[in-house]
Amino acid sequence: MLPILMRKVLILNENDNIAVCLVDLEIGEVIGQDGLNLTIQNRIPRGHKVATKNISKDDGIIKYGERMGHATSEIKIGEHVHTHNVLGDRLSTEQVK
Amino acid sequence: MSDQLKAFARPDGRWGLRNHVLILPLHSALSATARKIADASIGAVGVSHDWSGEVDGDFARITKTISGFAANPNNFATIFLTIGTPHELAIIEVAKKIGLARAEVLNVAEYGSMAKIADIGLAMANSLVKEANLQARVSAPWSAIILGQECGGSDALSGITANPALGVASDRLVELGAASVLGETTEILGAEHLLAARAITPEIGAQIIETVARYERSINYEGIDMRGAQPSRGNIEGGLTTLEEKSLGAAKKAGSAQFSGVLEYADQVPNSGLYFMDTPGHDTEQLTGFGAGGINIIVFTTGRGTPTGSAIVPTIKVATNSTMANAIPDLIDLNAGTIADGLKTLAQVGGELFDLILEVANGKTTKAEKGLHHEFSLSRMYNTVIR
Numbered sequence: 001m002l003p004i005l006m007r008k009v010l011i012l013n014e015n016d017n018i019a020v021c022l023v024d025l026e027i028g029e030v031i032g033q034d035g036l037n038l039t040i041q042n043r044i045p046r047g048h049k050v051a052t053k054n055i056s057k058d059d060g061i062i063k064y065g066e067r068m069g070h071a072t073s074e075i076k077i078g079e080h081v082h083t084h085n086v087l088g089d090r091l092s093t094e095q096v097k
Numbered sequence: 001m002s003d004q005l006k007a008f009a010r011p012d013g014r015w016g017l018r019n020h021v022l023i024l025p026l027h028s029a030l031s032a033t034a035r036k037i038a039d040a041s042i043g044a045v046g047v048s049h050d051w052s053g054e055v056d057g058d059f060a061r062i063t064k065t066i067s068g069f070a071a072n073p074n075n076f077a078t079i080f081l082t083i084g085t086p087h088e089l090a091i092i093e094v095a096k097k098i099g100l101a102r103a104e105v106l107n108v109a110e111y112g113s114m115a116k117i118a119d120i121g122l123a124m125a126n127s128l129v130k131e132a133n134l135q136a137r138v139s140a141p142w143s144a145i146i147l148g149q150e151c152g153g154s155d156a157l158s159g160i161t162a163n164p165a166l167g168v169a170s171d172r173l174v175e176l177g178a179a180s181v182l183g184e185t186t187e188i189l190g191a192e193h194l195l196a197a198r199a200i201t202p203e204i205g206a207q208i209i210e211t212v213a214r215y216e217r218s219i220n221y222e223g224i225d226m227r228g229a230q231p232s233r234g235n236i237e238g239g240l241t242t243l244e245e246k247s248l249g250a251a252k253k254a255g256s257a258q259f260s261g262v263l264e265y266a267d268q269v270p271n272s273g274l275y276f277m278d279t280p281g282h283d284t285e286q287l288t289g290f291g292a293g294g295i296n297i298i299v300f301t302t303g304r305g306t307p308t309g310s311a312i313v314p315t316i317k318v319a320t321n322s323t324m325a326n327a328i329p330d331l332i333d334l335n336a337g338t339i340a341d342g343l344k345t346l347a348q349v350g351g352e353l354f355d356l357i358l359e360v361a362n363g364k365t366t367k368a369e370k371g372l373h374h375e376f377s378l379s380r381m382y383n384t385v386i387r
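Top to bottom, those sequences are chains D and W.
In this text, residue positions in the first sequence follow full-length UniProt numbering: the first is 1, and each later residue adds one.
In this text, residue positions in the second sequence follow full-length UniProt numbering: the first is 1, and each later residue adds one.
Bear in mind the hints are in silico, worked out from the structure with no lab data behind them.
Keep in mind the model is a prediction, meaning the values are calculated, not measured.
Take these hints with a grain of salt, some might be off.
[Said to hold, decoys possible] Here chain D is said to cover these stretches of chain W; the calculated rule only asks that three of the stretch's residues, wherever they fall, bring their Cβ under 8 Å from a Cβ of chain D:
| no. | region |
| --- | --- |
| 1 | 151-158 |
| 2 | 184-191 |
| 3 | 231-241 |
| 4 | 368-379 |
[Said to hold, decoys possible] Just a sample of chain D residues kept apart from chain W, beta carbon distances all over 10 Å, derived:
| no. | residue |
| --- | --- |
| 5 | N15 |
| 6 | E26 |
| 7 | G35 |
| 8 | Q41 |
| 9 | R43 |
| 10 | N54 |
| 11 | D59 |
| 12 | I61 |
| 13 | E66 |
| 14 | K76 |
Yeah, the Cβ is synthetic: ideal placement off N, Cα and C, and Gly gets one too.
Looking at chain W on its own, in the form it has when it is part of the complex (with noise of 0.2 Å):
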């Protein structure tokens, strides 16, 4: 046990940093009257998607998604608003085999009446807000924290600030047993040799090169030119002129800890040691897959302000220059353009950073978590078939 962490033990002996009343709609119909519901209650949080039940080439990917992201551990409970599928149902039953302890269940077929789902949706929720208010945190291990790591809106000081001091950030919460995670597979085309150099088994920095390879088959094969969208033209104007710089910077968010494995999109995320979790550059499906994964804490380094956040997880913003700092206060939870300015040095940010993300997990409320930005996003890999 950690004297410096206090957590949410859950039942099956994982850790939540937050205590969360989660309304999860499992079908797109349900979305509004989910939203509404978490609007009125006293402390719930809500997600609205665009899944209507399509068994297509995503089925697997999509409901892998939603179940986990119920099962986070930072959920005290989730209320699931369904239409009564099978599929859907089926997606409870895979939540509470990750681990998820409280499921209520809403069925719109048993009730019959969209207006009643949200009655009794708002007094459940608000009844589940006020019993996860009287659980109190309790001292957790290190291995309680599950660390996602998050880069969007880069600029050329990324690679030189705020992504190293999660660096070492990160080195540090690995070494003391804690679970470290890096995504985004378009961002480390470029720099995947040197963290398959660090991986623990040869087997595991293949598959870090095979990730990769595979992801650029996928866009050579398509024919996409990268050069309009990687780097963005965001990207371009804040300096980074190829995708493999971008990455090369981007990598650097991992610190110098060794890969202990390699995930796919939302794989559960074991309790220890650093990983890459292959998920999409696009900011909101990717925080979406690292909520789906077990991920209880975000680090969301960016240099042009992204607002992007999660409604279960907290996001913490660092920025990567004061002048954007300076420019949306209410963004950014920490400056790392300090490093850039002379006025601190990388070692000092990252060890604010490592202060921050304890704060944090001990409760400390986030600027995206004040600004409520609940964003969710399901990641889809083919066409839309509707059967």
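Isolated chain D, as found in the complex (with noise of 0.2 Å):
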């Protein structure tokens, strides 16, 4: 493992479909840390998700270790995640209707 300081992502828990961005990223920057191999597809803002795996519509984006919300949209490895394509499972209109 690297030492934090030179990490650019960061991986919570080994089942986590994501990581938390460290700095900001830009595109076509590599990861290559803690078995990661990505290059980044959109720009994203430190704080912000980046798929460590191809994520299918529907499936549950897991963050800690636990489910956080599901793909509304095909997410590829690299892609920055976030409300455009990510819902949460509850409270959402979706159920309200």
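Using the supplied hints, reconstruct the complex from the two chains, each of which is provided in its own coordinate frame.
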């Protein structure tokens, strides 16, 4: 494991399919740490999430080893994971309707 | 007794970490006078609110909040400003029953003049502050600490830095015999199964699940789309995508100790163990409910620099990221962003926070206290009805 200071992203749990960006990441940047090998596909701000696996539509998004919502479209490894492609499972208008 | 903790002994056995003289209006019409007295005094504190005696669906919740806040163990004395209605006088009696030793009452109906109330109130406040200043701290047990856990303006680092650091400090306090309280029902939605699994009995676990389910039902009943508010726009900018994600990070404040019980809003907190209190996600309503429950010190983690504090409960601000901590140094007591910077470990920052909680419990002033962040807000569930 690299010391945290040298990491660009943080993997919180081995079962996660996302990692948290510790710095702003630019398109084309390569992440090769902690067994990851991925190329950043979108500009991703610090604190936001990047897909560390290919995620199918409706698959769970796993952070801290727990499900935090689901993909509303296919998400490829290296892509920004946020409100444009993820919804919570609960308390959204999807259920209210 | 701990040889490290010194606090103010209350006659009923409770402990204060501060020795405040609180000026508390029992009717909104007296709010300005309460603030005026507090501002002119040599160290009393005052709050204002907008309750005008409405007896509606929120009556029990509001009177419980005001009486509990008056009786908080951090208060050496509370000066009640009242127009003298039976409901207002009943609040004073409840505060005494909870354990308020010094209750002074200024009844407008008796004096017939706001100016006279302000003058007499000021003289009374100054005299009580002088008396309070003479009381010495004495050695207190760890159970004297009743810690409230709060987070506001969360960002993606909250669940990685400040919240787990608070969890480390909370676990250590609970192990020593203190009480620690997690709140904000909105912000455990999606993580309640993890907390319920840590309850000391299956019944308490079921209560945690039901408290969240009750909230979820009420939101679905109202047909509210939570996606605009939870996570908030600020949370989303910070990188939080869903409410469940925010909750999974927020729940880390409670560390890994077992839950000893579930409390309703503003319930009196038992003096040791980890509890969950059903409070709203609104920071000021939550802090007020904590104060009303007898919580005498609060750790408030923040990603965006929420300034909220309490008139009577010292509130320690812990930053989740170094950028904000450096930008608003007059707000932040401890920067947990150093964990994400790779400069410190979680255990180190958790230890620093434990030490800081102890220092503040012993009298060190927090940034929120220095900044006079004396927010107070009554929590309502129903339409306000005037009868």
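Checklist entry - Which hint numbers does the structure go against, in order from smallest to largest? => result 4, 12 and 13
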